[in-house]
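Got chain A; can you put chains B and C on it based on the hints?
As they're listed, the protein sequences go chains A, B and C. Under our numbering, think of the first position of the first sequence as 110, with each following residue one higher. Under our numbering, think of the first position of the second sequence as 1304, with each following residue one higher. Under our numbering, think of the first position of the third sequence as 1035, with each following residue one higher.
Derived by calculation from the structure, the hints in this document are not laboratory data. Every value quoted in this text rests on a predicted model; they were computed, and no experiment measured them.
Quick partial rundown of chain A residues pointing at chain B, CB under 8 angstroms, derived from the structure:
no.	residue
1	Ser273
2	Gly276
3	Arg338
4	Ser387
5	Thr388
To list a few chain B residues with every Cβ distance to chain A over 12 angstroms, as calculated:
no.	residue
6	Met1364
7	Asn1418
8	Asp1422
9	Leu1424
10	Ile1427
11	Thr1431
12	Glu1491
Here a beta-carbon is modelled for each residue, glycine too, at the ideal position from N, C-alpha and C.
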Amino acid sequence: MLSRKGIWLLIVLSFMFILAACQSNDETPNDESNNGVTEEEVNETENDNTNAGNTNDNEEVNNETDASSESGGEVTVGIEAEPTSMDPHNTTDGNSATVQSTMFEGLLRFDEDMNIVNVLAEDYDYSDDATEVTFTLREGVTFHDGTEFDANVVKENLDFVRDSENGLARSSFFSFIDEVEVEDDFTVTIRSEEPNSAMASYMAHSSAAMKSVDEIEKKQEDEDYNLDREGAVGTGPFQFVEWRDSEHVIVEKFDDYWNEEELARVDQITFRPVQEASTRVNMLQTGEVDLIFPIPTLNAAELEEEEEIDLFTGPTTDVFYIGMNFENDKYEDLDVRQAMNHAVNKDGLIAQVLDGYGTIADSAIAPNVYGYSGQPIYEYDVEGAQELMDGSEQSDGFEATLWTRNSTEFISVAEYVAIQLEEIGIDVEVQAYESGTLFDMLDAGEDTDMWIGRWSPGTGEADYGLRPNFASDRVPPNFNNSGFYINEELDEMFDEALATPDEDEAMEIYAEIQQKIYEDAPWVFLHIPDAIIAKNRDLVGIYVLPSGAVNLNLAEFQ
Amino acid sequence: MIPILFIITIIAFLFVHLTPGDPIRIMYGAEIDQETYEQMREREGFNDPLVVQYGRYMYNMAIQGDFGQSYRTRSDVSEEVLRRFGYTFILTILSMFWAILIGVTVGIISATKRNSILDRLGMISTITALSIPEFWFGLMMMQIFAVQFGWFPTSGSGTWLHLILPSLTLGFGVAATIVRFTRSSVLEVLREDYVRTARAKGQKESVVIWSHVLRNALIPVVTMAGLQFGFLIGGAVVVEQVFAWPGLGSYLIDGILTRDYPVIQALILLFSFQFLLINLLVDISYGFLNPQIRYE
Amino acid sequence: MDKQKKNSPFRIFLRKFLKQRLAVFAFGLVIMILLVGIFGPLFAPYDPHRPVTAQYADKGIDVDQLTSSTVQLEGRLSNGEVVDQSELPQLQTETENRRIASIRRTQSGVQISANTSGATEAVIESGDVSSVAEILVEGEVPLDDVEPIVSQIIIAQPEEAFSIGDEYQINFEALKTDGSEITTIEELRAYTEEKYGADEEEDTSGFQSGSSENEDSASFQLRSLTEDVVTVNEQGVVQFEEEGEGIVQIQSGDVSSVVQFQVGNEQVEPILTGIYLESTTVELTDAYKHQTPSSMHIFGTDHQNRDILSRVIHGTKETLLIGFVSVAIGTVIGTVLGLLAGYYGGWLDSLVTRMTDVLLAFPGILLAIAVIAFLGAGLTNIIFAVAVFTIPVFIRIVRASTLSLKEMTYVEAAKSIGVPNTVIIFRHIFPGTLSVVMVYLTMRIGVAILIGAALSFLGLGGDITAPEWGSMLSAAKDNSSNIFHATFFPGLAIVITVLSFNIFGDGLRDALDPKLKE
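Pulled out of the complex, with its shape left as it was, chain A reads as follows:
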């Protein structure tokens, strides 16, 4: 008897679990949207009831919001990975930055043409020697928690992030600032020791966002207060609702947003981290999400055909390159470096690895970066490259190790380059590491040989695009000149360009710098990948910045 019961118990139990599984899973995708809607409707009717006895004014306001929320709807976005933080000052990854851009604003921002435009600042002015920049701030801006935005907020924010005691990831980003001074309630001046004409660009970067001073105070009072998880109080058109790991981050419309023209068009945005690219694509096709990025290039082709889906492809500011360690004698000879550049077929690389979604890098920075100047590229020419090798100190070829991140994209690029370098006698072994490990090894700088790098200047201008990679004082452990490339002539020119307030003159210097770098070939210059973003046809108002970043603040459904 007992045994029989046991069997049946097991079978019944399994069935129950399956049913439970089906049920719980059945609900998950709709959970957020459906429940969200009903809850909101309930709230609204409640509001209506309570407002019934109030003045007419209030009712009108209420009706207005009702009307706008009717046309709103909810956007669900499939992003590549879990965000790491909701604090812009502690964020270095793109996914977190995308989510934060709905909630936070800085004094300035970049528009779709990479121009600097005012946001929380109404105006800004450089001093003549470019050591000071003075911001006139917008009045009447409130944070999501109701506190006012003013000059003091700017100072508190910048002082907090700069203080390395607070251990924020972006503290070094603001190290150019020497002092922040509040002139009056809505005027603030930022000083730097050296002339720096890129200060405005730095202040337009996403990490120069302003958060509520209350949050900073909470952190100062309580060491354990988790700014990364809870401190998302900004001035943007959306406010933070919740963040559940591996499930979603939800932000909702902020009704008191200062800029009425750019009030959020949708009620809510849900960001869902979906690691597997093919799953993201699938979810877009089934309508589970409205917008996805990034997308593998092979899938992009398939999505292009679909009626209900819009695909955006456009260049980014990322540059892929093969770095080499100048402390290693192999790369001392310019001929060798140029031979390597000639040996890699960039057209083939883009066709094969990127399925055509990319362009050849013809400088150390991408065309969308302010200050870019294109150079005549190293054409693919194996025989020419072989001749260069023959005439160099390394005429017998050599063995090399190529480090790469272990993502599919990087590995494919590495394999491709390795195969091609082999043709001119460079025997390359590809080693893949998890990106953190790789950064570690590069910063240690001990066994570096060749590595695949990708660089995108977050500030969108040439200084941040070039200096970290080529300035002598940026060799390991200071980041990011991992190849110990020393060129004193360039060092001087970097400082000169920054200290030149006249834009045209500065541009000329940058053009010269880029020419020198490209000719000196400290990298094998590879390609600039396209940003590939796909969305549901009904969703409009998606802004794509030249860096490939997506801005959702004005998203709406047709």
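Okay, now just chains B and C, sitting in the frame of chain A:
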């Protein structure tokens, strides 16, 4: 069990702290300078002696039930493990269901039609099933049923349809083991006297099989299936990776690849505990079902 | 033991084994796989490390697979002169669908590179004039229904000067890619509307970005660019209004040319009137990657265009290496520990048994992952990881049979006459465990290969570029929804190998099992 778990905490702790890779770099990428980096190491306590770190870890875990924060997402590991445990649990339960369903059915058919074509076919399929790598089988299932026919989503989670392919893939290998076990178990029972008696009484073959043979033959099968549970969880690591199923397995692999110490530590402990528990239960049930074992 | 009288145990075993036809067949396969592992690289059709396209020439295979070509072009000036492309001002190039082919200017000309198969158009533009080349990239997408397009317009350039009040009828030829011509305005207008009119309403996506600029290239244009000097009506009749330089443009979508008139006596500077392409159709091949199985590559090629058959053949060695070496290590250590534990018993036995129990409680794959995570990726570490969880299996079985052999009379006898323990263990007990060890050894090789492949698949293997079956699958999995052959064949190789070992092991076991009668 407690001392073993204690040893495992030490192993888990050493394991994650002695492996190469630096969590601070993983968290922030290359974009932080040396000074900030040092500050962060200090703050996270990585500069303390290992003993101190271990003490802190044990204190937090044992006294406060706190497994720490994930370095990567800064979320609470305990919560995350609990949530993902649900996914893996559902997956393994359904896989076990398939495994038992297929395994017992094929096993009984093989045993009752011994040495027939069906039996031989069944045996060859089981040995084949045991030779197919789970991940490849998963990819092929995906290719056929999701891409060619479009019946199921290719990967990910969300609806119950997402669960079918991964669970079938995972259950497949275990089914093969169960087939073999069921077959031999049924064959053994068929030789028993009471079966002969029942047949001699002139009962229908189906009645004999259903009411006499199965009832007794399936007891060891159930025990054996329980034992396979642990191995299902191991297989889940691979299958979850193929189908992007957000369970503990993919959490573990992600954790290892990103050197997310607290996650790896928590999962090693959890898995150890789970396997020890399963083994204990199986041992107990052996003794319970077969009193002879106690004398051995 | 009683059978020993009639026959040697080996012959009995052999007879039993040979009776199992399937196992014999599997044994044959195992031998074959071993041979492939050892000698395979000698007869692999291609180098597994290089793309096949780079090897066709060496192999003497004559394949016309151009992935890029340079387009020769010249500019025609209004005075009849021809200028080289390097002297053309603001030369702009663009392909309609960059995914199919891309175009860019190089020092030696304009280069078009195929990306994926399909048809697209390349626009080459300099100021007001432009020409179009048709690009056909051969590959998976059929190119049969590609319509010929107008590639360039050549307007007859009058040599004489005109005076105010004169009229002039424009003559032109619009050259199509199939060699035919359009010479009348009506026809060209109709053609243009048909070709470019349809896709005018495209580009209403909700994306806003800085780089998207809308060109009004869509329509047919016949217009004067210098309206105060000349006018032109719909029939192409030019009226001269004032002295100076007159320019009339004919545009059909992306193709455009101009004609220059000198009105009055003042000499005008010659201008660029058209771009002349030497070849209007560029045929390329998409031979970059993922070639489907064909007679040339029976398993197809992978994402780096390497021959999958050759890679599978080369990978055999590595796979077998993982299987054999790891199991060998595991067997040796496991057997020794098992013998010692079983023979001596006591604390050693309980320690070893306890460890074995703990290790066996974990699924092998998890144990291996843990070891790899600790040691780092790499072939040797995989072998080590697989060996680690093979050890307890052998400890257990060897210990068990040692326990029973220890009780045998011949062992007791040896003990009583004072034979040293080591001699007893290795002379008298070890041979008795050998048969069961052999069976498990064969079976574990299959498991070891599976776990090794799984580790590579999870990205924990060594060299990701190496032709190793698990890494091949790992590299192919991201495209598995689009590309079938790249995942199928390496996986099949694993299945066949593991299956052969398993069936062979099964057969061995049955043959060695004394319970099974002949």
